[in-house]
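Enquirer: The primary structure of each chain is shown beneath.
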Amino acid sequence: MPEFDSDEDPALSPMAATAGGAVGSEEAARDTTIVGRMAAGDESALGELYDRWVDAVIALVARIVRDAPEAEEVVEIVFWQAWQQAGRFTADRGTVGAWLLAMARSRSLDRLRSLRRRRDEQPADESIFERQPAAGDPLSNLDASDRAAQVIGALQRLPVEQREVLELAYFEGLSQTEIAERLALPLGTVKTRARLALRKLRDRLDALREVDA
Amino acid sequence: MSTPNELEEVTLALPDLALGILPASEAERLMAIVRLNPRLQAELASLRGATNTLALAVPPAPMPADRQQAMRDRLLARAANPGTGASSDTGAPRAEPGLRLESQDARQAPVIREVQVPARLSVIQRAAPLLAIAALALFVVSVFRLRDTMQERNAARVALQEATSTTTALSAQLAQRDSLVAAMSGANVRVVELASTQNMSPGARMFWDRVANRWTLVTHDLAPVPAGRTYQLWLLTVNAEKISAGTFNTDTKGRAVVQATYVLAEADLAAIAITEEPAGGSPQPTGVILVAGTATR
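Residue numbers (the numbering used here), protein chains in the order written: chain A, 1 to 213; chain G, 214 to 510.
Check before you lean on any hint, since a few could be wrong.
As the list claims (entries may be wrong) - Derived Cβ-Cβ restraints for the label pairs, each shown as a range:
(1) A:D42 to G:L220: 24 to 34 Å
(2) A:S25 to G:I456: 53 to 63 Å
(3) A:L185 to G:A440: 42 to 52 Å
(4) A:E178 to G:T216: 29 to 39 Å
(5) G:T380 to A:E178: 20 to 30 Å
(6) G:Q386 to A:T90: 39 to 49 Å
(7) G:N452 to A:P186: 25 to 35 Å
(8) G:L359 to A:T90: 22 to 32 Å
(9) G:I456 to A:D42: 44 to 54 Å
(10) A:E181 to G:Q374: 39 to 49 Å
(11) G:P251 to A:T192: 33 to 43 Å
(12) G:N294 to A:D51: 17 to 27 Å
(13) G:N452 to A:T32: 37 to 47 Å
Claimed, not checked - Heads up, incomplete: computed chain G residues facing chain A, CB under 10 Å, no partners named:
(14) I234
(15) M284
(16) L449
(17) V451
As the list claims (entries may be wrong) - Rough simulated footprint, nothing fancy, chain A against chain G, three-plus residues with beta-carbon under 8 Å:
(18) 285-291
(19) 358-368
(20) 452-465
(21) 468-481
(22) 491-500
It should be emphasised that the hints constitute simulated quantities derived from the structure, not laboratory data.
A quick note: this is a predicted structure, and the numbers were derived from the prediction, not measured.
The beta carbon of each residue, even a glycine, is placed where N, CA and C say it ideally should be.
I would like the entire structure built from these sequences, with the hints used as guidance.
Expert: What follows is the structure, encoded as structure tokens:
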């Protein structure tokens, strides 16, 4: 299955420009400047990029890999890859945030597949939207930026079965055939759910952006 | 040139491409058509943007501050000196060019023998073994002292790291509790009491921060559901719409604190209910309403 990675994909949406910890066009421009300095060999710029994005990268990697020591290794790999490939980044293909998070997802899925082969175990299927009361601290992991709240709100309005397909595709990196096997559903049903889910999510986020504007 | 049928097929499959769930050969075949059509390219970019936003829907996963800082230091060290690779975290000191030269100079000490020493130095030469023993003894003592000092310093560093980790963890817990208090109090918070519809004593209270759109549900005496089942929270609107606000389970004492963010106009909320559903939740309620409360104003 092809993996979406920013350096393989010339078509990133402007929507991604608002993704992550550094929100807004000024912040996106600052990110672009930082990556430009990285490309010129200024290692202090790598530190700045790290400070601005490490929380978002850690959160995404940890969600996919689900193993703290492995996740930390992947996070370091992602930022090192950003340093090495800074010269290949072009702002007209998308924001730094989208570029970085796409690399984080891609490297995380690589590691997840490697771990599965090593452990020969099935991944957990806990929904990211399921809030189980954790022993001792039931309120962990609840903070979210406004943008994240919008995304979560839009996802929560999707039917559970459509949301599930999106999660398996994005966070588990499964193909539509693998999703059908996992959920014991006909392939056509998986296709229908994935298509409806993503179009609805896009439309709702577009509507929210228009309201914000 | 693509046929109308091909264009329709690709248009339908654009979400599959955006999500990356197609086999490679199929994706490449469809991409060949997309590349020739600006409308399809724009639609695909838009869907990929929506896909990318899923990265934001993950809960924060904070890394201890000391490890985060250590990772930052390693990255910057590698960037400054890429030839050293990732081994800088092994603790082995990295040789600095200046030090290396100094060391080389030291190794060249035998050059001293080229100095023509007058015969009167023969006394010193005779005392040389004693001086060497004294110097060796001094060196050994110094080494032991240095080792003790380094051990003390390492112990202090470990203690500091542990204290920092504890402080960070406590700060995070405090921030979470502050967040909970804020979500359950304040001028914008509306409270909805949920009472049992059964002959049991469970109940719940919903705190709705209408400005932050944050919903905080606190349950009590709600027995945990067995494996394969889950509680599901519903927001019932005045238009009879049933909106799932998430699934949860309670602890052994029947308690749970559930938070969700959802935008809903105040006038639209009719009631709040909790049902028991199959694990993973249901699109619409299928179980009996266990606890419910109406949104009276």
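Enquirer: Next step is simple, just say for each hint if it's right about the structure.
Expert: Cross-check of the supplied hints:
1. A beta carbon spacing of about 47 Å between D42 (chain A) and L220 (chain G) contradicts the range 24 to 34 Å that was offered as a hint.
2. The given range of 53 to 63 Å is broken by S25 (chain A) and I456 (chain G), whose C-beta atoms sit roughly 33 Å from each other.
3. At about 22 Å, the beta-carbon gap between L185 (chain A) and A440 (chain G) misses the expected band of 42 to 52 Å.
4. Distance hint for E178 (chain A) and T216 (chain G): a CB-CB separation of about 31 Å, consistent with the stated range 29 to 39 Å.
5. In this structure the hint that T380 (chain G) and E178 (chain A) lie 20 to 30 Å apart at CB is violated, the actual value being about 44 Å.
6. A beta carbon spacing of about 43 Å between Q386 (chain G) and T90 (chain A) agrees with the range 39 to 49 Å that was offered as a hint.
7. In this structure the supplied range 25 to 35 Å holds for N452 (chain G) paired with P186 (chain A), their Cβ-Cβ distance being about 33 Å.
8. For L359 (chain G) and T90 (chain A), the hinted distance range of 22 to 32 Å is not satisfied, since their beta carbons lie about 53 Å from each other.
9. The given range of 44 to 54 Å is respected by I456 (chain G) and D42 (chain A), whose C-beta atoms sit roughly 49 Å from each other.
10. Taking 39 to 49 Å as the suggested C-beta distance range, the pair E181 (chain A) and Q374 (chain G) conforms, at roughly 46 Å.
11. For the hinted restraint 33 to 43 Å between P251 (chain G) and T192 (chain A), the CB-CB distance of approximately 27 Å leaves it violated.
12. Take N294 (chain G) and D51 (chain A): their Cβ atoms lie about 21 Å apart, and the range 17 to 27 Å holds.
13. Take N452 (chain G) and T32 (chain A): their Cβ atoms lie about 45 Å apart, and the range 37 to 47 Å holds.
14. Contact between I234 (chain G) and chain A, as hinted, is supported at the beta carbon level, the nearest pair being about 4 Å apart and thus within 10 Å.
15. For M284 (chain G), the interface hint holds, the least distance from its beta-carbon to any beta-carbon of chain A being 5 Å, beneath 10 Å.
16. With its C-beta approaching chain A no nearer than about 15 Å, L449 (chain G) sits outside the 10 Å limit, and its interface hint is violated.
17. Hint status for V451 (chain G): violated, given a least beta-carbon distance of 17 Å to chain A, over 10 Å.
18. For the segment 285-291 of chain G, the stated coverage by chain A is satisfied: 5 residues place a CB nearer than 8 Å to a CB of that chain, which reaches the threshold of 3.
19. For the segment 358-368 of chain G, the proposed coverage by chain A is not satisfied: 0 residues have a C-beta within less than 8 Å of a C-beta in that chain, short of the threshold of three.
20. Counting residues of the segment 452-465 of chain G whose CB lies closer than 8 Å to any CB of chain A gives 9, so the stated coverage by that chain holds, three being the minimum.
21. As drawn, the segment 468-481 of chain G meets chain A at 9 residues by the rule of a beta-carbon pair under 8 Å; at three or more, the given contact holds.
22. Proximity of the segment 491-500 of chain G to chain A, defined as three or more residues with a beta carbon under 8 Å from a beta carbon of that chain, is established by the 4 residues found.
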